[in-house]
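Take the sequences, apply the hints, and build the full model.
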Amino acid sequence: MKLKISSWNVNGIRARIEEIPKWLKEYDPDILCLNETKCLNEDFPSNIFEELGYNLYLNGQKSFNGVAIFSKYELTDIDFHLYPGSDDEQARFIEAKLNIPDNPTIIINCIYLPNGNPYPSEKFDYKLEWMEQLFNRAKQNMSTELPYIILGDFNVIPTESDVYDHTNWLDDALFRIETKKKYRQLINLGLYDAFLLEKKTMVEYTHWDYQGGAWDKNHGVRIDHILLSPAACYTFNNMRTHTNVRGSEKPSDHVPVSAEFILA
DNA sequence: ATGACCTAACTTTTAGGA
Numbered sequence: 001m002k003l004k005i006s007s008w009n010v011n012g013i014r015a016r017i018e019e020i021p022k023w024l025k026e027y028d029p030d031i032l033c034l035n036e037t038k039c040l041n042e043d044f045p046s047n048i049f050e051e052l053g054y055n056l057y058l059n060g061q062k063s064f065n066g067v068a069i070f071s072k073y074e075l076t077d078i079d080f081h082l083y084p085g086s087d088d089e090q091a092r093f094i095e096a097k098l099n100i101p102d103n104p105t106i107i108i109n110c111i112y113l114p115n116g117n118p119y120p121s122e123k124f125d126y127k128l129e130w131m132e133q134l135f136n137r138a139k140q141n142m143s144t145e146l147p148y149i150i151l152g153d154f155n156v157i158p159t160e161s162d163v164y165d166h167t168n169w170l171d172d173a174l175f176r177i178e179t180k181k182k183y184r185q186l187i188n189l190g191l192y193d194a195f196l197l198e199k200k201t202m203v204e205y206t207h208w209d210y211q212g213g214a215w216d217k218n219h220g221v222r223i224d225h226i227l228l229s230p231a232a233c234y235t236f237n238n239m240r241t242h243t244n245v246r247g248s249e250k251p252s253d254h255v256p257v258s259a260e261f262i263l264a
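For what it's worth, the working numbering labels the leading residue of the first sequence as 1, then goes sequentially.
In short, the hints are calculated from the structure, not lab data. Take these hints with a grain of salt, some might be off.
Pairwise CB distance ranges (calculated) [stated by the list, open to error]:
hint : residue 1 : residue 2 : range
1    : Glu198    : Lys25     : 20 to 26 angstroms
2    : Gln133    : Lys62     : 19 to 25 angstroms
3    : Gly53     : Leu196    : 27 to 33 angstroms
4    : Val203    : Tyr27     : 17 to 23 angstroms
5    : Tyr73     : Leu196    : 24 to 30 angstroms
6    : Thr159    : Asp216    : 21 to 27 angstroms
7    : Glu249    : Asp28     : 17 to 23 angstroms
Yeah, the Cβ is synthetic: ideal placement off N, Cα and C, and Gly gets one too.
Written out as structure tokens, the structure is:
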């Protein structure tokens, strides 16, 4: 069987109430991880997505941040805390487990990693601390040797190739050396970037600013990532960036990214 | 023309995003 899992920073679930169902019907992912839902769970327009056949797992927050997972399969072991005893009030993390008969349990981490601008600032320090905690979480999950997938808006530009002109971004929190170092530490646990597994000849950006005609000029950045453990790579089939979504009528500034797996 | 964004909020301006 095929499993399609996606990630999308929607920039406001209520602002995207037309666009998201439209895309879900077109691509029909089994699981969608959402970032920046920007609303409390009680205000979440759940019905629309439940009617499309999804179970909803919401970690919402008023106005800012907010993550969610839509899944056609029931998920277990839901955890909204990046680390035990966390008193972080920012809703940026969901861990869930997917149990499909005749397959190993898949661990999913839906993340919305802090932006961290400006540099330097307390926000930048918070970003690095969050990345440190994500590293610890990932290290623990990697030790299970189960298929493990981290996906979301990482707010990390991994290399010069992942931005239209890196010289504009040298002091940006998304491209600072400290950020890239922490990201490399995470990758070096043995994770694979699904985009790189595809060995595409051209970079595919996942975010274009609303300002300055960035979309028209293709002034984008690749910051939404899908990272796979070795066991997840074993069933990996392909990865795609849904670039065309950025040109829709009322787009988010990010587009969805998806990975497909062939399971037993 | 030499500017030109979007979301959500106790909204008429501000914070946050990237």
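Cross-check of the supplied hints:
no.: 1; hint: Glu198 x Lys25: 20 to 26 angstroms; verdict: 25 angstroms, holds
no.: 2; hint: Gln133 x Lys62: 19 to 25 angstroms; verdict: 23 angstroms, holds
no.: 3; hint: Gly53 x Leu196: 27 to 33 angstroms; verdict: 32 angstroms, holds
no.: 4; hint: Val203 x Tyr27: 17 to 23 angstroms; verdict: 21 angstroms, holds
no.: 5; hint: Tyr73 x Leu196: 24 to 30 angstroms; verdict: 27 angstroms, holds
no.: 6; hint: Thr159 x Asp216: 21 to 27 angstroms; verdict: 24 angstroms, holds
no.: 7; hint: Glu249 x Asp28: 17 to 23 angstroms; verdict: 20 angstroms, holds
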